[in-house]
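Protein chains in written order, with our numbering: chain A, 630 to 929; chain B, 630 to 929.
No lab work stands behind these hints: they were computed from the structure.
One or more hints might be untrue.
For identical chains, the list gives no copy identity; a pair is met inside one copy or between any two copies.
[To be verified] DSBU-like cross-link-like pairs, simulated, lysine-lysine; straight-line CA separation at most 35 Å:
hint, residue 1, residue 2
1, K640, K835
2, K735, K905
3, K767, K839
If you're wondering where the values come from, they're calculated on a predicted model, not measured in any experiment.
Number of protein chains: 2
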Amino acid sequence: MPALDFHDYLKARRSLIDHALERYLRGSKKQPQTLYRAMHYGVFSGGKRLRPILTLAAGEIFGGKHKYLLPFACALELIHTYSIIHDDLPALDNDDLRRGELASHKIFGEGIALLAGDALLTEAFHLMSRPQVAQALKPKLVLEVLHEIAHAAGVGGLVGGQAVDLEAEGREVDVATVEYIHVRKTGALILTAARVGARIGGATPKELRKISRYGEFLGLAFQIADDILDAKGHNGSRVGSGGAGDKEKKKATYPSIVGVAASKSRAQELLQHCLKEIELFGKDADPLRGIARYVVEQVQ
Amino acid sequence: MPALDFHDYLKARRSLIDHALERYLRGSKKQPQTLYRAMHYGVFSGGKRLRPILTLAAGEIFGGKHKYLLPFACALELIHTYSIIHDDLPALDNDDLRRGELASHKIFGEGIALLAGDALLTEAFHLMSRPQVAQALKPKLVLEVLHEIAHAAGVGGLVGGQAVDLEAEGREVDVATVEYIHVRKTGALILTAARVGARIGGATPKELRKISRYGEFLGLAFQIADDILDAKGHNGSRVGSGGAGDKEKKKATYPSIVGVAASKSRAQELLQHCLKEIELFGKDADPLRGIARYVVEQVQ
Numbered sequence: 630m631p632a633l634d635f636h637d638y639l640k641a642r643r644s645l646i647d648h649a650l651e652r653y654l655r656g657s658k659k660q661p662q663t664l665y666r667a668m669h670y671g672v673f674s675g676g677k678r679l680r681p682i683l684t685l686a687a688g689e690i691f692g693g694k695h696k697y698l699l700p701f702a703c704a705l706e707l708i709h710t711y712s713i714i715h716d717d718l719p720a721l722d723n724d725d726l727r728r729g730e731l732a733s734h735k736i737f738g739e740g741i742a743l744l745a746g747d748a749l750l751t752e753a754f755h756l757m758s759r760p761q762v763a764q765a766l767k768p769k770l771v772l773e774v775l776h777e778i779a780h781a782a783g784v785g786g787l788v789g790g791q792a793v794d795l796e797a798e799g800r801e802v803d804v805a806t807v808e809y810i811h812v813r814k815t816g817a818l819i820l821t822a823a824r825v826g827a828r829i830g831g832a833t834p835k836e837l838r839k840i841s842r843y844g845e846f847l848g849l850a851f852q853i854a855d856d857i858l859d860a861k862g863h864n865g866s867r868v869g870s871g872g873a874g875d876k877e878k879k880k881a882t883y884p885s886i887v888g889v890a891a892s893k894s895r896a897q898e899l900l901q902h903c904l905k906e907i908e909l910f911g912k913d914a915d916p917l918r919g920i921a922r923y924v925v926e927q928v929q
Numbered sequence: 630m631p632a633l634d635f636h637d638y639l640k641a642r643r644s645l646i647d648h649a650l651e652r653y654l655r656g657s658k659k660q661p662q663t664l665y666r667a668m669h670y671g672v673f674s675g676g677k678r679l680r681p682i683l684t685l686a687a688g689e690i691f692g693g694k695h696k697y698l699l700p701f702a703c704a705l706e707l708i709h710t711y712s713i714i715h716d717d718l719p720a721l722d723n724d725d726l727r728r729g730e731l732a733s734h735k736i737f738g739e740g741i742a743l744l745a746g747d748a749l750l751t752e753a754f755h756l757m758s759r760p761q762v763a764q765a766l767k768p769k770l771v772l773e774v775l776h777e778i779a780h781a782a783g784v785g786g787l788v789g790g791q792a793v794d795l796e797a798e799g800r801e802v803d804v805a806t807v808e809y810i811h812v813r814k815t816g817a818l819i820l821t822a823a824r825v826g827a828r829i830g831g832a833t834p835k836e837l838r839k840i841s842r843y844g845e846f847l848g849l850a851f852q853i854a855d856d857i858l859d860a861k862g863h864n865g866s867r868v869g870s871g872g873a874g875d876k877e878k879k880k881a882t883y884p885s886i887v888g889v890a891a892s893k894s895r896a897q898e899l900l901q902h903c904l905k906e907i908e909l910f911g912k913d914a915d916p917l918r919g920i921a922r923y924v925v926e927q928v929q
C-alpha cells in the first residue's frame, strides 16, 4: 500500500472512530456535567487511535463489519484513555502535559480526573455489554471478547505492568524486567486490539494465531519506539511538574539499558517479524503492514 | 426470623463470600506482589459484605444456587472495595482510616492504592465474564446482568454520584441534591445487588419489580443511617488527615439538612416500605427483612 493510501486509510478510520466515540459518550446524557467534560477532554485530546484502528484493520481482513467492530474498538480506546488520565496523576507519573496539552488533572483537579478515569474504564464494559451488541453478535462471543479485554486491562496486563513499572522506578533493572513491564503495560492492550478485531471478524484459530503473533511483536516494537522518542526528547509533550521525563525519573526503558542504536535495530527486527506473520493474508493485510511500519519507522 | 437466626445467617453468608473472594483473588497468581497485597488488604479489611449478602439473599428466594450467585455477588464487593480505596485517596476524601484500619494509600502509597482500585474494578468484570459463568448460565443473561452492574458502577450510578458529591462539597445543598447523590453513590449498587440476585435466581418480571422497589428503599435507608452514624461521630473510624469527618468537610448529608430526628423517622419510614414490598415472598424473604432492619435499627 503506497504511503499516501495508508495516510488516507488512517484518516478515514480515525474519523470513523471519533464519530463512534462521540456517539457512545453522548449516550451518558452529558451528566454530571464536569465529569462528562473531563471524560470527553481525555478521549478527544489528540490520541492517535492506534488501538481501535488495529481492531478495525484486523477485523477487515476477515470481512468484519465496522458496526460490529466499533464497540470493542472504542472500548479499548476508553480503557487506554483512562490509563493515561490515571498515569498522569501526581500519585503516579505526575505529568502536567500530555501530547502537548494540559493533563486532565491540571484542568479539572485531581478528584475529577481520578473519577473520569474510573468512569471511562467502567463505560468500556458498559459499552461492550450493550443489548445492541449482543443482538448483532453471539452473546457467547461477546462475553469471551469482553473477558479477554478485561484480562489485558487488569493485573495480568495493563494495571499489573503499571504496578511493576512503579516499583522499578529509581532501581537498576535488566532487559527481562523492562520487557515484562512492556508486555503488560503496553503490549497486552495492543495485542488484544488486534486479536479482538480478528475474533469479531471471524478469523479461524490458525488465522487468529498469526494475528496474535503480529500483535505481540507490534506491542513490543511500539514500546521500544516510544522509549526511543522519550530518550531523544521527542516525547517532550509529556512533562512532569518537575519537568522530569522518563530518563530523569530513572524509568525502566529499553534504550537506557541497551542504548538507542541497539533499540532501533531491535525495533526493525520486530517489524520484520510483524510483516512475516501476516504474509499469508496478502493485500488485505496492507493496513496492518502500514501500522507496523508507521510505528517503527518514525524512530529510524 | 428471630435475631439469633439472622445473626447466624449473616455469619454463614459472610464466610461463604469471604472464601469465594479469597479464591477469585488468588486466581490472579498473587503477582505483581505489592499490587496483589494492596488488593487483598482492601477486600479483607473489615467490610460487612452487605452488597454480596443482598445478592445471595435475594437470589435464594427464587431458588438461585450459590455457585451461580457468587461471581456476581463478589464482583459487586470488588467494585465497592475499589470505590472505597479511591474515595479515601487525598485527591478525594483524604481519609487516613477506614473501619478503624489504615486506608490503603497510608500503607501502600498513593500510586499502588490507585492501581489496586483500578485492578479491583477491572477484576470485577473479568470475574463475571469467566467461561465457567457463561457455561452455567445463559450467556445472554450474564451479559445483561454485567451491563446492569456496569451501569450502576458508572456515570449513571456510583462514579456519577461521587462526582456530584465532590462538587457539592462546601456548598449549600437541598434535600433533592442529597437524594440525587445518595441514589447514585450508594443506592445504585445496593439496588443492583438485590436485582442481580433475583435475576440470576430466576425471578419473574413482577417479582423483580418488587425486589427492585425493596432495593431502592434500602439503598436510601442505608445512606441515611450512615449519615446519622457520621453525625453522631460513630463512624469515627473514617478520619481524614485533618481529622475532618463529613460534617467538618461540609459534605452533603441528610441529617445536616433535616436534622437527626427527622432523618431517623425517614429511615424508619423507608424500612416499612422495604418490608411491605417483600410481603408476598413470605418466610423466604426473612433474610431480606433482617438486612433492612439491621441497617435501620442500628441508628434508632
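Verification of the supplied hints:
1. K640 / K835: within (30 Å within a copy, 50 Å between copies)
2. K735 / K905: neither (44 Å within a copy, 50 Å between copies)
3. K767 / K839: both (23 Å within a copy, 31 Å between copies)
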